Structure formats: C-alpha cells, structure tokens
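2 protein chains.
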Amino acid sequence: MATKSRFLLQRAVSGLRAHAAWSTSTLSPGRRLWRPQLRHVSWLRELPDVLSLSLRSHTCGELRSHHLGDKVTLCGWVQYLRQDLFIILRDFSGLTQILIPQEESARHLKAALCDLTAESVIKVTGTVRRRPVGQENKGMPTGEIEVLAEDVEVFNVCRQLPFEIKDFIRKSESLRMQYRYLDLRSSQMQKNLRLRSKLVMKMREYLCNVHGFVDVETPTLFKRTPGGAKEFVVPSREPGRFYSLPQSPQQFKQLLMVAGIDRYFQIARCYRDEGSKPDRQPEFTQVDMEMSFVDQAGIMSLVEGLLQYAWPAENGSLKVPFQTMTYEEAMRDYGVDKPDTRFSMKLVDISEVLLSSEIEFLQSAVSQPGGSIQALNVPRGAVRKETFPVRPLLGSLRLQCAQLLESCGISLRNPSAFHFLWVVDFPLFLPKEDEPGQLESAHHPFTAPLPEDKQLLYTEPHKVRGQHFDLILNGCEIGGGSIRIHKASEQLHVLKNILKEDPSLLSHLLEALDSGAPPHGGIALGLDRLVSIIVRASSIRDVIAFPKSFRGHDLMSRAPDLVSDEELKSYHISVRWPTEEGEMK
Amino acid sequence: MATKSRFLLQRAVSGLRAHAAWSTSTLSPGRRLWRPQLRHVSWLRELPDVLSLSLRSHTCGELRSHHLGDKVTLCGWVQYLRQDLFIILRDFSGLTQILIPQEESARHLKAALCDLTAESVIKVTGTVRRRPVGQENKGMPTGEIEVLAEDVEVFNVCRQLPFEIKDFIRKSESLRMQYRYLDLRSSQMQKNLRLRSKLVMKMREYLCNVHGFVDVETPTLFKRTPGGAKEFVVPSREPGRFYSLPQSPQQFKQLLMVAGIDRYFQIARCYRDEGSKPDRQPEFTQVDMEMSFVDQAGIMSLVEGLLQYAWPAENGSLKVPFQTMTYEEAMRDYGVDKPDTRFSMKLVDISEVLLSSEIEFLQSAVSQPGGSIQALNVPRGAVRKETFPVRPLLGSLRLQCAQLLESCGISLRNPSAFHFLWVVDFPLFLPKEDEPGQLESAHHPFTAPLPEDKQLLYTEPHKVRGQHFDLILNGCEIGGGSIRIHKASEQLHVLKNILKEDPSLLSHLLEALDSGAPPHGGIALGLDRLVSIIVRASSIRDVIAFPKSFRGHDLMSRAPDLVSDEELKSYHISVRWPTEEGEMK
Numbered sequence: 001m002a003t004k005s006r007f008l009l010q011r012a013v014s015g016l017r018a019h020a021a022w023s024t025s026t027l028s029p030g031r032r033l034w035r036p037q038l039r040h041v042s043w044l045r046e047l048p049d050v051l052s053l054s055l056r057s058h059t060c061g062e063l064r065s066h067h068l069g070d071k072v073t074l075c076g077w078v079q080y081l082r083q084d085l086f087i088i089l090r091d092f093s094g095l096t097q098i099l100i101p102q103e104e105s106a107r108h109l110k111a112a113l114c115d116l117t118a119e120s121v122i123k124v125t126g127t128v129r130r131r132p133v134g135q136e137n138k139g140m141p142t143g144e145i146e147v148l149a150e151d152v153e154v155f156n157v158c159r160q161l162p163f164e165i166k167d168f169i170r171k172s173e174s175l176r177m178q179y180r181y182l183d184l185r186s187s188q189m190q191k192n193l194r195l196r197s198k199l200v201m202k203m204r205e206y207l208c209n210v211h212g213f214v215d216v217e218t219p220t221l222f223k224r225t226p227g228g229a230k231e232f233v234v235p236s237r238e239p240g241r242f243y244s245l246p247q248s249p250q251q252f253k254q255l256l257m258v259a260g261i262d263r264y265f266q267i268a269r270c271y272r273d274e275g276s277k278p279d280r281q282p283e284f285t286q287v288d289m290e291m292s293f294v295d296q297a298g299i300m301s302l303v304e305g306l307l308q309y310a311w312p313a314e315n316g317s318l319k320v321p322f323q324t325m326t327y328e329e330a331m332r333d334y335g336v337d338k339p340d341t342r343f344s345m346k347l348v349d350i351s352e353v354l355l356s357s358e359i360e361f362l363q364s365a366v367s368q369p370g371g372s373i374q375a376l377n378v379p380r381g382a383v384r385k386e387t388f389p390v391r392p393l394l395g396s397l398r399l400q401c402a403q404l405l406e407s408c409g410i411s412l413r414n415p416s417a418f419h420f421l422w423v424v425d426f427p428l429f430l431p432k433e434d435e436p437g438q439l440e441s442a443h444h445p446f447t448a449p450l451p452e453d454k455q456l457l458y459t460e461p462h463k464v465r466g467q468h469f470d471l472i473l474n475g476c477e478i479g480g481g482s483i484r485i486h487k488a489s490e491q492l493h494v495l496k497n498i499l500k501e502d503p504s505l506l507s508h509l510l511e512a513l514d515s516g517a518p519p520h521g522g523i524a525l526g527l528d529r530l531v532s533i534i535v536r537a538s539s540i541r542d543v544i545a546f547p548k549s550f551r552g553h554d555l556m557s558r559a560p561d562l563v564s565d566e567e568l569k570s571y572h573i574s575v576r577w578p579t580e581e582g583e584m585k
Numbered sequence: 001m002a003t004k005s006r007f008l009l010q011r012a013v014s015g016l017r018a019h020a021a022w023s024t025s026t027l028s029p030g031r032r033l034w035r036p037q038l039r040h041v042s043w044l045r046e047l048p049d050v051l052s053l054s055l056r057s058h059t060c061g062e063l064r065s066h067h068l069g070d071k072v073t074l075c076g077w078v079q080y081l082r083q084d085l086f087i088i089l090r091d092f093s094g095l096t097q098i099l100i101p102q103e104e105s106a107r108h109l110k111a112a113l114c115d116l117t118a119e120s121v122i123k124v125t126g127t128v129r130r131r132p133v134g135q136e137n138k139g140m141p142t143g144e145i146e147v148l149a150e151d152v153e154v155f156n157v158c159r160q161l162p163f164e165i166k167d168f169i170r171k172s173e174s175l176r177m178q179y180r181y182l183d184l185r186s187s188q189m190q191k192n193l194r195l196r197s198k199l200v201m202k203m204r205e206y207l208c209n210v211h212g213f214v215d216v217e218t219p220t221l222f223k224r225t226p227g228g229a230k231e232f233v234v235p236s237r238e239p240g241r242f243y244s245l246p247q248s249p250q251q252f253k254q255l256l257m258v259a260g261i262d263r264y265f266q267i268a269r270c271y272r273d274e275g276s277k278p279d280r281q282p283e284f285t286q287v288d289m290e291m292s293f294v295d296q297a298g299i300m301s302l303v304e305g306l307l308q309y310a311w312p313a314e315n316g317s318l319k320v321p322f323q324t325m326t327y328e329e330a331m332r333d334y335g336v337d338k339p340d341t342r343f344s345m346k347l348v349d350i351s352e353v354l355l356s357s358e359i360e361f362l363q364s365a366v367s368q369p370g371g372s373i374q375a376l377n378v379p380r381g382a383v384r385k386e387t388f389p390v391r392p393l394l395g396s397l398r399l400q401c402a403q404l405l406e407s408c409g410i411s412l413r414n415p416s417a418f419h420f421l422w423v424v425d426f427p428l429f430l431p432k433e434d435e436p437g438q439l440e441s442a443h444h445p446f447t448a449p450l451p452e453d454k455q456l457l458y459t460e461p462h463k464v465r466g467q468h469f470d471l472i473l474n475g476c477e478i479g480g481g482s483i484r485i486h487k488a489s490e491q492l493h494v495l496k497n498i499l500k501e502d503p504s505l506l507s508h509l510l511e512a513l514d515s516g517a518p519p520h521g522g523i524a525l526g527l528d529r530l531v532s533i534i535v536r537a538s539s540i541r542d543v544i545a546f547p548k549s550f551r552g553h554d555l556m557s558r559a560p561d562l563v564s565d566e567e568l569k570s571y572h573i574s575v576r577w578p579t580e581e582g583e584m585k
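Quick note, the sequences are listed as chains X and W, same order.
Take the first sequence: its letters are residues 1 to 585, numbered as in full-length UniProt numbering.
Take the second sequence: its letters are residues 1 to 585, numbered as in full-length UniProt numbering.
Calculated from the structure, these hints are not laboratory results.
On a predicted model such as this, the values are computed, not experimentally measured, just so you know.
One should not assume that every hint holds.
Pairs count within a copy or across copies, as identical chains cannot be separated in the list.
Cut-off 25 Å, straight-line C-alpha distance, at most; resulting in silico cross-link-like pairs (SDA-like, lysine to any residue) [as the list claims (entries may be wrong)]:
| id | residue 1 | residue 2 |
| --- | --- | --- |
| 1 | LYS569 | GLU501 |
| 2 | LYS230 | LEU568 |
| 3 | LYS191 | ILE267 |
| 4 | LYS569 | GLN247 |
Pulled out of the complex, with its shape left as it was, chain X reads as follows (with noise of 0.2 Å):
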C-alpha cells in the first residue's frame, strides 16, 4: 500500500504544521527543533502563520537581508520576466526578485525559467543573496535581496490575458467582471477584501466574546412580507406558493428576543431587488444586531465601541461618543438628514434681515404664511444663493457647491477623515408620496414612538417622533436602528389604524409580541458601504469579491441564464414571453 504509507507520511508532516500554529501546551523537543515553521508560530508574533500546511517556506513579500543565506522555497504568479535574468515573483503579500542561474549546468532550469508567461504559477526553490551593490530597489520592501534559483516547479503556464496584472492599467469595468478572477489579482483589491475579512472578525470579537453576543444564522427563504415589492420570489415545488429573499432579518431577530436569546446578531445576507440602480446590488450584507433589555442610548453605545474595537489601525483611533444631531436640526442646518459634517457651509435663515427689502419676490417670500429666505454661506466661492422655504433643495446645492470647489482645486473635505454622527428623533410617520392624506413608516412599522409622544399616537400621529436613529459617515447613511414596538395592542393600532394595513400578514409577530416580549432594540449597518468608504473606494462592487454589473448581471458566468421549460415544471410556472407589441402574452 505505497500510497498509504506516503500519504500518512505527508499527514504527520502536515500535523505538525497546523499543530504548531497555535498550540504552546504539546510541543515535544523533536517538534521544537523543527526550524522553517518555528519561525512563524503564532504565539512568537501574534500574526497568522500564512505558511502552515503550505508548500512555501516564505511568502514573497517577507524576506530581508536578515534571511542572507536561507534556502528558501516561494510559490507564485510571474509578475514579469526582465532581460532573461530576473523573474519578479508574486504572491499575495508582495514581490520578491528571482535571478535566473546563467551557467551551463543549469541550462535547464534556465529555459524552464525563461519560457514562462506572464502569470504563469510556479513553485522555486533557491538560496537567498543581496542584490549587488547599486541594484538595490528602495521602493520594494524585499529590494535588498534576491533569490538565486535552484529549482523550479511549474505548476501552470498562463495563456495570454486579456489586461495584464498591474495596478497602473486601466480596465474598464465590464471587463473587470468579465474577468474578475484576474481583477481580483490586483493590490487593491486585495487589500480590499482583506481588510473586510479582518474588520468584520474584528466585529465578531466584539459582539461574541465582548459583549456576549449570540451569533444566530436566521432563513433566507422565508415569506413575502406585506408590500414587500422589492422582494424577489422563489417558487417552490407546490403550485402557486412561492418564497421570498427577504431584505432584512427584522422580523427573525425580534422574534429572537421574544425567544429569549437576549442579544442576537448576525453577518446577514439580504436581498432587494430594485432592477437597475448605480451603485447598489440585488444582495448586500448588514452587521445585524438586536439586545433585549436595553434602551436607545444602549444601542449606541454598542454601536460606537463596535466601530471602535474594529476600526482599522491604519485609520488611526475613533474616537467617542459619536457627534448627535436631531432630525429637526440636521434638516434645518444642512437639508438633509444625512448631513456631510466634513465640511460647514450651513443653511442660514435670512429671512428677518431681508423683511424690508425693497426686492419685490423676496418680499413676497417672506410675506407669505410661513414664508422665509434660507442662504449658504460658501466661503470663497463668490456665490451667494437665495431661493424658497424648500430646505432639501439646499442641502443638494450644499453638496454640488463642495463638489465644484473641490473640482477647482480648493480643499474643503479632507479625504482622510471619518465624520460619524448620529441623526435621531426622525418622525414616525411621514405623508405617503402618492397620497398624502395617508400616512407611511418613515422607517419601518415596527419602530416605537419617543416616550413623550406616544399619547399623539391616538391623536395626532404624524405628530410622533419615533426612538429611530441613523448613523451616517461622511454624508452617506451607513446604520439605522430603533427601539421597538414590544406591546402586542400598540403594534396593532400602529398596523391597522395609522398605516391601514392587513394586520393578518404579521400575525405570527403580533402573537410573538402577546406571548412575553421584552422591550427590545437594534440595528443594522450596512457592511458594503461601510467597508468602501473606509478604503476610499468609488463604488460598493470594489469590496465585494463577486459583484453584480448595475443591470443584476453576473458578466463573468453570465447570471441570469435562460432555464428550460421542462426544469420550470416541477416549480409549477412558465415564463410570459413579451409579444411584438409589448404585451405579455
């Protein structure tokens, strides 16, 4: 049984790798002696062992001179070839440079070396020298050596590509999807995705071992909840009965407090599909928390020092409590309720200077019930701006006026800072676009009015202000939480008689919520966002592995695909096909 024996061979090698990596309690002497790995053990510098169980020695962007003389074995990607002499190794952590052996007795090796493509993977062992003197490269952290080879594997020869692996070249998007799996390659984008990983575990410290946290993973094939239009269904195999993908576990979470979990979260996927909208995606990912016990000022608390605990150090520290601003305020001083607080260039009532002016439509502005003259103030810029009592208006001119500023050169938002802050008492109920005399959630029905307010809730609801808060970040809405309804009569009254819905879609909540609920909160950040602003990208798809294009398409494997009639029987539906005119059939 030879390939028994050689592979039990490779399992105790193996063992001892991963076994190394982290345990301090069973090393024996003849393991310890065990030098390549010993090196790296985790207890010895406190960062992953990226070499356990691998073919490597070394990863290509570690060695220095300290490691003159080592033999050394790297496995990666052919950066490039230069002159027939140097190969430029690549592997997830960085660069090494490898000199080709010219003598003859290696001629072999050499026109291995020499034929490879850009991007071809191989595995080289050699011994490491100091590059001579003069061609050491600065700007390359292993620029003082190079590794003279001895040996090579090549485990792929790459066909011609279609860009080449470098930050400088500029792909357009559709191709970048195409090819993902070779944009992926870049440095950016794996310091991406790389820094999502550790933000998020970082996240998951604080909420497990922290704070005890119960990480609880809750379905994504659930029901289609009332007016849920955004919801894309899945039929299943019982005629007429579908599914839905939900856009938020919000229903499952507090269900899990009434379960008594007491603190649930979750890194939940969730769905939306709202066709085509730049910059947004048919699924994303939300940090979802919810506690038990715990009031609004709790839930922000958690909130800063989860952001805190996981902010990245490269970032430098945040610092805490996040500013705080109401609703009333941010729409009065910045038009929006999301106010980029980088810069100031607030909104300014000038109503009372300008009563007596002689400007007939000012006058007749302010003259008007309720009449006023708001100005910006946009220091430097020349420009002074007056129009009606429409705030919102403003607050987009607030931010295209910082916009052409900085576009001409002058420095108003500095781009490495991170401004939270925390936008409360939002109203409970807003009018609904369409039919203003009916009032909606400005949120979700689930909110529970501000302990002041909740009598208005029998008598003038769109007077109640709601125990919602946002958490916005330079200008973009990245969290938003609330203190919910727990009393079962005042979910139903909200449900029924403000916002006229069919309570018996929700009636497994509102049973949930008579059968001992305790009072309850959370929130939801969106991750997506979260991470593309901490590293500075332009749009969501440059932190998530395998985007979606704007339209919902998967252009590399090209999802959505064309499904046979015959495999849509067993779901019991057929497709409607539009005719010439544009009719369903």
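Place chain W on chain X using the hints.
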C-alpha cells in the same frame, strides 16, 4: 430640549458601560469607581460581559451567597408563581427565586406581582438574602439565595400560551415549529444555539487569526449549473432569465484561488431543493474552505486542527490525527463508505472456510467467478448471518443489528464518544445508475486524480482514484474535500470526454484555469449536522433557529405563500395551475 438632554445623559452612562467592557487603557479613576459593572469587565473574568448596556445589574443565573445584601436588578420571564409568595424568574442564564413582600405597606407591589401570568416579562429590583434554613435548593445553582422584591416594572403580561415553557412538557413537532419563539425558550434549545455560535466563533478564530484565512462572501444569486436539478430558481426582471441559488460556493472558491486569495473560508449558506426528504433543509450551512499550494494531507491536518481548536471543552479534548481508512477498506470491513467505528462487528469473508461446504447454495455462491461468502460477527447477539458477494446490504444490516442490540439494553456504542474517521482514495467516477455504460463523478467533476492514477484518465477512467476525502463522525458524513484539477486541459478532458457534458456551460471556469491557476484544494463541513451530533440532537432542526418542516414549510409564518399574478408580472412568469386531471394547463 428636554428629550435631548435626558438622552445625552443616558448615553453617557451607557457609553461608560460599553467602554468598560473592553478597554483597559483609558479608564479614568471616576469610571473605576463605578462598581456594578466593574466586577464584570472582561479582562477580570475573561468572559463576555452580558450585563453591559443592559437594564439589569445581574443575570438570573449568577447570584450566590457572596451576593448577600447586594441590591440587584434582574430582568426576565416569570417561570411560575408559588403560593402568592414566590416568583421564579428566568433568563437565558438560569433561575432566581423572588420573594414577594407580604407587609401591608407593600400591598401595591404584592398585587402587581401576584397578578402576573406565567411568561410575563418584568424587571425586579430587590435585595439578595439567604433562604431560611431548610429551604435551600441544592439542585438549583442560585438555590442558596432569594431576592426580596422592592420594586417591579411589568414590561408585558403574557397571554395564555399553547404550551408551557418547561423542559419536561412534551410538544408535537408541528406545535414547536408554529410557536418557535416559545420553543426556543427551552433550556435545550438555548444551549444548542449558544453552543453553535461559540463553536463557529472558535472556528473563525482558528482560520482567520491562527492560519491567515480570508473570510470572503460569495454570491447566492448565481447561474444554474449543468444538471443542477436540485437548484431553486429565482426569476429576474428579464423575460425567461433566472438566477439560481447555488448548492455550494464550489466554483467561487476555486475562482478565488485563481484570483490569488491563497486561503479562503466562509460560513456559507447553501441551498438544495430535494422536495420532502427527512431531516434535510432547503437551506443549510457549511464551513467552506479552500487553500492554494497545498496537498491532501495539508487540508486534512487543517480540519483536524480546526475541530480540535473549536471543540467544546465540556466534551473533552479531541485526539488528532483522526483514523484514516481507504474507500476499499471501508467497503470491505463495514460495507459502507461512512463506517460507524464506535463499535466493531466488521464484515468477514468466510469463503475459504466454506469452500468445502456441502450446503448447496453456499457452494454455488463460492464457485461463481468472484463469488464469496461474507459474515457478520455480532458479539453476544447469538446471530450468524451469511449472504452473497453484496457488502452494502451487510453494512446496513450491521447498523440495524447495533440498533437492535441497543434497544435490548446491550450497550454497544458509547453515547458520549466521538469517533472521527477519514475515508480516502475514493473512485473518481462511478457508473451512472440509470445508464451503467456511462460514468458520472463520484463527488464532483473538479476533483483531481491521484498522481499515480493520472494516466488512467486517458485509458481506463473507471479505475482512477480521486484525491477526495470524506470526514465521518460516528457513522455520519460531516465533510467532503478534495484536491482540485488545476489544469484547463485536464478539466476539459474530464468534462467533455469522460462525463460527456457540454463544457461551454463552465467556460468561465476553464478560462480561469488557463489564466494562471495555482494547485489548490479544500473541503466543506456540514455545520448543521456537526452541531447536531455534538449536542446529541435527534434532528438538525434542533440546531437551527427557524427550520423548515420536512415539506419545506415555515409553520410559523406559513411560507411558502401565494403571490398575486400582478406581483409576478414584473418577473415575467405565471403559475401553471394543475388541472383536475393532474395535468398542467
């Protein structure tokens, strides 16, 4: 702005709590004096702080005699009332006895407490006192003390419930599922979900922090795979085009290796539409891993280290390496490729002994080409059973014998034993069940052959063994992994010439392999099954928060549900209602 100042005060207090839970470096002297939290900060007891940010000062499970005289605030559910004298209050951590004051001066408090129904939710403040001599409860961790109530806040009075929240109350499966938020309050379900969360957290620590794996999320809206009959479809807004919910991230994880991610993992949601199969779920979770520049032994050691690191301490420690057996040995000795090695009773070939038997049907069996007689030795079973060259039948008989013996009270398998086993050297291809002249992949078409069998791919593919390995725990398959094919030409040969599949459906993967793919391999562990074995649950439904019934229904929300024709219009599908004859319209 009274709201805001109250609110900022709340936040100052909550922030202090959140902060105290993890930072040692910035505690001011004033903060240090804040007593109730300080006893619980994580660096003192190295446990999560489940009191942070909460309305409670202690949990219901933690009070002991060293708390005597302390003023405490507890939040929880009324387990039961006793003689208008006591309330037993429950939270996730345990139970505490609350003493109802009987003095006339406390009559309002007494009335409020005595009015409570079981499962009502309250906050109680009171003083910890020793129970009178003789009234201690040794079976209850808090049985030495009780809390004399001084104040109560009733958050919710509970309605009459469909079943009591007591572990010994037997409920039907469908009732448990319909009222899952009540079922999850049981101590067993609380334990299961919390153990699962901790296990996964330890696995993440091992993969990310110890071995440098990158947690990458892959899409669940993907393209239908060839022959993916078990994949749910998701209609898109383009007529006739569908996404598919993938059965695993197999293609993505291989593409991530081509992309140079080097080490990937994901706790991945997967989907499989198997109709109504017992103890299967339409969505399930796997611990999904992939590595570059690794061999089979490396992956196996990784998994052994992972399980050893994450193994719940209360189950003892795991010994590695696990036992390894070839597919051939497993089939020979146990008649199955996932042997339960907790007991012996191996199959024995007794053909030699019976060669000279005079019993005619035995004679005829051994005299046939390849004929043999096999036996099963059932110790203390007083049963000896011979049958033909059919080992799977005997394997199944072996398990039935074990059950039979155990049902007669003969202890065969230690219920607290965990026997891990690797099965290796599987055949790469098997004859198709319905077309035995044709081969299909034993696992999936991406598995690489054993190096020594590689040439057989082009001559005798049915003889090729694959670099595939299954992980078995107590006779259940809990994981399957392999080294993958990393050369495009080899993958094309397997797809086109051996499996006779249309390679254009996987053209993106073939192109990727041709673009500098490293050697790579990985494994996926079935998390639901693994956790269910660890907690000795009879079904994976007991380790999933909101599982579907075996018909794929959510009995709580009644999913899947009817969706109106109008809502289906934007997805260009319509329902094919069965006609009375059982045919489709």
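Which numbered hints are broken by the structure, listed smallest first?
none
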